[in-house]
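A.B. asks: Sequence:
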Amino acid sequence: MATDSAGLNLGHAVVLLGAAVIAVPLFRKLQLGSVLGYLAAGLIIGPFGLALISEPETILHVAELGVVMFLFIIGLEMRPAKLWNLRREIFGLGALQVVVCAALLSGIGVLAGLPPAAAVIGASGFVLSSTAVIMKMLDERGQTATPAGQRAVSILLLEDLAVVPLLAMVAVLASLSGQTEEAARPVWLSILLAIGSLAALLAAGKWLLNPFFRLLARAGAREILTAAALLVVLGSALFLDWGGLSMAMGAFMAGVLLSESTFRHQLEADIEPFRGILLGLFFISVGMSLNLAVVATSWALIAGGVVVFMAVKAAGIYGVARLFKASTREAIQRAALFAQGGEFAFVLYAAALSGGVIDARTSAIMTAIVILSMALTPLVIIVLDRLTPALKHSMDGVEEANGLQGQVLLIGFGRFSQLVSQPLLARGFEISLIENDVEMIQAAANFGFKVYYGDGARLDVLRASGAETAEAIMVGVDKPEVADHIVALVKAEFPHAKLFVRAYDRGHSMRLTQAGVDFQIRETFESAIAMGERLLVDLGVEPEDAAETLAEVRRRDEERFEAQLVGGIEAGRSLMRGNMVTPQPTPFSKPKGPSQAINPEAAQVLGDPARKPEPAA
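The numbers in my numbering rise by one with no breaks, and the one at position 465 of the sequence shown is 465.
There may be inaccurate statements among the hints.
[Stated by the list, open to error] Derived DSS-like pairs: lysine-lysine, alpha-carbon spacing no greater than 30 Å straight-line:
#1 450 / 498
#2 491 / 450
#3 29 / 450
#4 479 / 498
#5 479 / 450
#6 491 / 29
#7 491 / 479
These aren't lab readings, by the way, just hints derived from the structure by calculation. Fair warning: this is a prediction, and the values are worked out from it, not measured in the lab.
Please build the complete structure, drawing on both the sequences and the hints.
C.D. replies: Now the structure itself:
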């Protein structure tokens, strides 16, 4: 029975969540990725499947907020200086890729018999890749922060900037066809609004955002900070959308402007839960939007369009990548990742349809081609990964972990773990060492360490490394998210082992404590304490007094940490000593009369027991 589609209701929410909960774990189990799982779930429950939801457009408008929040979090990782360093990739690599691919795809459209205007519109919609698909896949593969991942982000930024000229092009083509709307903006006004809105957002971010969050932080209400974070993200997205740019661009710029803010980590933590579920909802709504009736009637044309468009676009991307000195491996991977249309095509084709540039059948066919290309991208990446195995260093002298037996298992053998190993080895404890960096393993061998190759985030590797019999497990990896995953595995599968974990920062320490580890320590804490103590001594403080002072610092830090576990990262601020001078308040005028006690107890405090309080009126 179909669910009523007039607006969103509780039934829709149950259907959407149920479909995601069933489909995504199944597809991940089949190693097909979560994106394809979401798309399949949407297709099944959509109007062309079980028809549990018959108006996917309603959900798509809400789900676009997931892409918006995803781009905001990416922006938080992109400091302005870092973004400036990527200017060559953004305006060079990105622009050339868009121009080359648009020209190639337009030519294919003309050869296929489309009118030149329709061919250009179809190519323009397909040339802008799906930000949601690409960023989700980079995130799942842990490649967002890599050099190749940063270049991919740069290209996506340029594609978002291309929204304005492409919409302006549609308006021009519509005017030439004589079917433009009277209320449409002139091209010059669209460009002016885009530039003006971007400049206004930059100004607000520079001079208003930090004071705004400081003001709210003083109020002490956690939920208000969360509401403010959502307000900034959605407000920025809406403002740039009004200015003619994309909502994703607005959210990204807001993230960049807040990347150096003291509230950065708090904002990321507040937005993260909304981002994940809304992004999944976006992919579900895209799956629901696939018109199977159109596919059935024009299946040969659509199938051919998908294959030809993806192949030609991939060839153009590969050529541009090699021109910019990318390795053959990176060029192939980028071509596979970007060889699809994106969500912007839906907007562009709708504008072209309303302007009379393309007809309804052409719009439906091109929309189906874009959606199918988005669905095929995860499969293409899976096939590519299997055809091109991961780049491996020489394994000379490296053995995989298998059948290890040690009292202590050390996961990760970087600088931190190397120091941890010394007192254990000094007392004769048997330790097992695993690391997934081949170069680190080979370097450690030069200093007398036998380190085995193994990924501690995998359960089978943990078993092969002796986790079942180890008395203690020490996690010394340098990525907090990986450490969190290992902790979850160990707590679930090897609860007998004492768990010691290297924490990245204070927020990570809080998560580890809440996860129930036996001991955690921030990687820089003890060295910072030792440095502070030595500074005091060299500045003339007696060693005993310096030790006493550092003990007080430790005590206050522990109290603050306990407060934060209950009240969040902003709690316990009063326990920190700052270097800002607090002005002492002084009266503006001398009181007209002597102080007057209001009760006997107050009279004693004032030192005048004889003074009686005045009777109450």
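A.B. asks: Would you mind marking each hint as holding or not holding in the structure?
C.D. replies: Comparing the hints with the structure gives:
no.	hint	verdict
1	450 / 498	23 Å, holds
2	491 / 450	27 Å, holds
3	29 / 450	34 Å, violated
4	479 / 498	21 Å, holds
5	479 / 450	23 Å, holds
6	491 / 29	22 Å, holds
7	491 / 479	18 Å, holds
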